[in-house]
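Protein chains in written order, with our numbering: chain L, 22 to 194; chain V, 6 to 480.
Keep in mind that the hints were calculated from the coordinates and are not lab data. Just so you know, these numbers come straight off a predicted model, no measurement behind them. Where hints are given, some of them may not hold.
Said to hold, decoys possible - With the C-beta cut set under 10 Å, the calculated list includes, among others, these residues of chain V facing chain L:
1) E19
2) L97
3) L110
4) S114
5) E135
Claimed, not checked - Restraint-style ranges between C-beta atoms, simulated for each label pair:
6) L/L97 / V/K437: 47 to 55 Å
7) L/G86 / V/Q202: 57 to 65 Å
8) V/Q202 / L/Y162: 38 to 46 Å
9) V/S98 / L/V95: 29 to 37 Å
10) L/V126 / V/Q202: 14 to 22 Å
11) V/L34 / L/L97: 32 to 40 Å
12) L/F169 / V/G479: 23 to 31 Å
13) V/M228 / L/F70: 36 to 44 Å
14) V/S98 / L/A183: 23 to 31 Å
15) V/G351 / L/V126: 54 to 62 Å
As the list claims (entries may be wrong) - What the simulated footprint calls covered on chain V by chain L, stretch by stretch (three residues with Cβ under 8 Å from a Cβ of chain L suffice, anywhere in the stretch; the number is not a length):
16) 59-66
17) 101-109
18) 125-134
19) 140-146
20) 173-183
21) 196-209
Built from N, CA and C at the ideal position, the CB exists for glycine as well.
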Amino acid sequence: MSMLPQMFFGYFASAIVVLSLLVITRKNPVHSVMWMLLLFFHIASMYLFLNAEFIAAIQVIVYAGAILVLFLFVVLLLNLKEELQADRFIGTWPAGLLVSAAIFVSLAAALQKFVPGPKGNFTIDLIQRVTHTKVLGQVLYTEYLFPFEIASLVLLIAVIGAIVLAKKRMRSH
Amino acid sequence: MQLMMPNLQPVMPEITMTVLALLVLVADLVIKRKETIGLLSIITAAIVAYFLTTAKGTAFNGMFLSDGYSIFFKLIFLMNLILTVLISVKYLSVERVNFGEYYSLILFSTLGMMVMASAGDLIVLYLGLELMALSTYILAGFLRYDMKSNEAALKYFLLGAFASAFLLYGTALVYGMTGTTDLKEIAGYIALNGLAQNPMLILAMIFVAVAFSFKIAAVPFHMWAPDAYEGAPTSITAYMSVGPKAAGFAVIGRVFLVAFGGMKVEWSAVLIPIAILTMGLGNIVAISQTNIKRMLAYSSIAHAGYALLGIIAGTPDGLASVMVYMLVYAFMNIGAFAVIIMLRSGDFKGDSLSDYEGLAKTHPLAAGLMLVFMFSLTGIPPTAGFMGKFYLFMSAIQAGYTWVVLIAVIFSAISAYFYLRVVMLMYMKEPKETVALSSSPAIGLALAVALVGVLAIGVVPSFFVNFAKAAVAGF
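Same shape as in the complex, but just chain V (with noise of 0.2 Å):
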């Protein structure tokens, strides 16, 4: 038998990352000082955010694909890596949990959304979502005397488990019904035998869509959403609410728009109603509200909500515009959430919405950077969220779905009422007592980078499209 060594050169990223991450694991047994384990995984993100430069291609017969389209979204995972580490450094100190394994199960988590964006096979795809969710289940629960945080890791745990039992059933019953797991070879045999109509299939791709809505915390299967982001370390929902909601976009572009792509109207028949309910439940239920971080949580299912618009529109336009806002949301989410960590200290848990009450008066700057992430979520202009959300409704549009870009519209003008009471709280409300700011240089940086992003993509959007679409292009 002979002996073949596969062109590694695509994957360099991932085996980078895998070696860099278990050195990081290794490194946690000999360093005391954790905070260096933070900074050893921002060089861990450099060094591969540098291997991903060179490369593009395939490898492993098809069953990674490293093209544009998964190197933009890699991008996203690493910028939502390093900004999570950022604002994770002080936190962790603070909560009393500061672990060296922390870092490394983030780095796992994200080389599981890496694989994830590349797979070019249902199997590869599976593995790498379970390498991202076992990794995070352990992250929520990582405040072990926390009872919330107990919760948090078992309902995340609980029903990922269920979600992936469903990925499993459609992946299996796609196989059965196409002899193949490569996403461009089941599509290739949907079209030669006009599967496209059979209800077998049909429901395959409905399980398939049912396990991606969880893992999107999309209505009506958003449920431990609120729970687990309430529950979870601060900086963990700040990471949990980017990065496995941007992977599972990549994963539903992939298998929806390549695999499925014979089964447009089909999908789009299951994804409208889905998205429809997304906006609609998050934004209303996030109105009633009392703590930030569950209010965030209903924000971030509206969200993907307002994101699948782009993938219902099924042009490159639309998946482009779903890249973008991935991007765009990952800077002003974790802004968000970087300001609620800096409340955070000693006793005081700070993620009431009553703590805002005047911040501006207290802590003029944190309030003026608060204002600056609330307006971006809303969608005002100038701010990246404004751009975001134009160019997705925009593409959705063109793509013809003019009445749910005006439901979507009439949503988003709704989510102003709950962002905007955070602002008033902090403006016109008188502080009812002064709060110490649990700030530090690496929580700094990490606002400055949100804040420079929210700004840079929404006075000059066309650089940051462009180069999405230009990415789409080799899809």
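Chain L on its own, in the form it takes in the complex (with noise of 0.2 Å):
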């Protein structure tokens, strides 16, 4: 019985892992975004194997929901016809590999060495007591409230530069 989160984790990882690789290697592109749905979807549950319901029901609504969708628009409207005859890495990809194998190897290798830090005040017991919903939202709100009016900001930067590059016209008189 013990071993069972452990399992459920287990399942989880590797198949973010599997379903991260199928994003990028599809030639493609609406596969590419299918199996990122799927990919979102395990991220979710992985949340919510976490206690954090509220992150897991965001990365539904917001990412598998919005986000995907549009994804999906822009790549129905652009003409796939070219792009599947596209090549899906550049020459330069063992380079690539050879480094991210690097970082593999030495974060590998660190992670015997790694400490966790001391825990915080939000304990299983007490997220679960007040939920998750609530004990996020009161965190948000007081301690984290600076941080969180700048990410407003950048969200209307995104807006701004939407209308820029996309909107407005290409010269002005």
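Reconstruct the complex from the two isolated chains, following the hints.
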């Protein structure tokens, strides 16, 4: 019985890696986006597994729901015939693979020496009692109010940027 | 639950900047003459600078630190903002992209830099960095009809996103090991638990160093810079070669000297090779460039290498010399770009080195100004560039890094070749064609400010250095 959480975690962790690989290796962008949908659901399950139900719900609603649909629209508007013939990777991918492998090996080696930091105020017990959404809301609007406000400006820039780069006239008179 | 109003006094400059930037954004709807919007953004910068004088203190439980260090950097950002707006006004109509959003994006980008300089917490630092970077990506692609500008924005965006991922990975690892994102608490926890030699923490530090190296365009994370600098609108090239770089150094100083203060041996082993590679590649590759914007991009890479010496020194003097250098760099680099912008008119691009042949005969004043800025970039006295480098190298020697300084001096001598070649082309060649200068009062003012800055810091450097040293005192 005590093995069950580990098994769940093992499944989700390995599924996320496999799904990410599928996303970046598919030639057909529509297939990539579909695998990504599945990937987002697995990530959401991972959050659920960590007692973070609010983040899990947001993951599904925002990422799987809104952002991915947008991706699909964009992909469908592209000229797929050309896209299907293009190579998925540029010529220097072995160099990239080498660097990633080096980072992976050094991370794996350093992992032995990882010492987890002190536990904070928000124990699983407390979160289950107060509910995750409420705890998150309280922290976000008190302790993290300042970063939260900056994040709103970052989103505003995204909106302005989209209008400037896509909607504005090319040239002024 | 009791509601407590946080002490907003230290954040007033940022709040003012946000409100005024939003007003500038809305004003664009009603004001038809976009030059007025440019004027409004300069007024905004002046008002924010006024609020900086009363902004000392900390806010939001140490997440936001408004100390002398951050205020000095904020003054550099505001100076950068004002000079950029001054050189943009005419240029935008020459390029026919006279849109008001340009100015509000510059304001928001500067706001992001100000948040970065004041960040006492890794989360605030990251968000400030994103605010700065996102605005700059858009500005780099502002010439929508120009493929090169599109390329610049896309390359800058992709590699910037990549750097952000590194920063977040490093931050997550640090948080996992110390249980906090507050810079001072991280330092305390590392010291208390003797984690300085922990391989995982060293790896986290390297990730953070990689992310910041992307931002300051240090080798081997510089690949985006030449293409982004060449393709972006010239005014934005000037802006992003100074602002984001200075902001990058502000956070490097804070993160490495405060949060990773106990890991000096480890991080200097990472930063010294980066600094040497940066100076070497920047200066050597700049020699073979034929496009002046590209040449200045490599020069900008090289200057990041010099400035890293002050960080490597790891002393208050070193930090002060980095701050002075960033100020010097702002004046001399924007000055040089202002001259490049003046050469752009109608169908004439004016960004090729051969366009400068015989400039001294056709436009002696512009050539004279370019001469001063090129001398300063090389580091020839009595210009500010010499004094900036002098203090940087001195602080590194005092900290015991004489051999690194020796290498820096050699590369600095190499750099004379490509800077002085511009001077040689201007003064010793015959003009091929007469080009009209697209000058304006605004760009004249920018050139005057840059010239005064370069000469003043060159002649009375002690005033600025003492100012920076006093600013660092409360670090």
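Practice item. Go ahead and decide if the range 57 to 65 Å is satisfied by the Cβ distance of L/G86 to V/Q202. Key: At roughly 46 Å between Cβ atoms, V/Q202 and L/G86 fall outside 57 to 65 Å, so the hint is violated.
**Study point:** Distance restraint evaluation - V/L34, L/L97, Cβ atoms, bounds 32 to 40 Å
**Key:** Given a distance of about 34 Å, which is inside 32 to 40 Å, the answer is holds.
Point to revise | Whether the CB-CB distance between L/L97 and V/K437 falls inside 47 to 55 Å | key: holds (52 Å)
Check your understanding: Could one say that the CB atoms of V/S98 and L/V95 fall in the range 29 to 37 Å?
Key -> For V/S98 and L/V95 the Cβ distance comes to about 33 Å; the hint holds.
Check your understanding: If you take the shortest Cβ to Cβ gap from V/S114 to chain L, is it below 10 Å?
Key -> holds (8 Å)
Check your understanding: Range hint 23 to 31 Å: satisfied by the CB atoms of L/F169 and V/G479?
Key -> holds (28 Å)
Practice item. With respect to the beta-carbon atoms only, verify the hint that V/Q202 and L/Y162 lie 38 to 46 Å apart. Key: holds (39 Å)
Point to revise | Assertion that chain L covers the region 140-146 of chain V - criterion: three or more residues, beta-carbon distance below 8 Å | key: holds (count 4)
Review point. Has the region 173-183 of chain V got at least three residues whose CB is nearer than 8 Å to a CB belonging to chain L?
Key: holds (count 4)
Review point. Counting residues of the region 125-134 of chain V with a beta carbon closer than 8 Å to any beta carbon of chain L, are there 3 or more?
Key: holds (count 5)
Review point. With 10 Å as the cut and Cβ atoms as the points, is V/E19 at the interface with chain L?
Key: Status holds, d = 9 Å.
Review point. Can the region 101-109 of chain V be counted as covered by chain L under the rule of three residues or more with Cβ-Cβ separation shorter than 8 Å?
Key: Our answer is that it holds, as 6 residues pass the Cβ test (under 8 Å) against chain L, meeting three.
Hint 7 alone, counting from the list given before, is not met by this structure.
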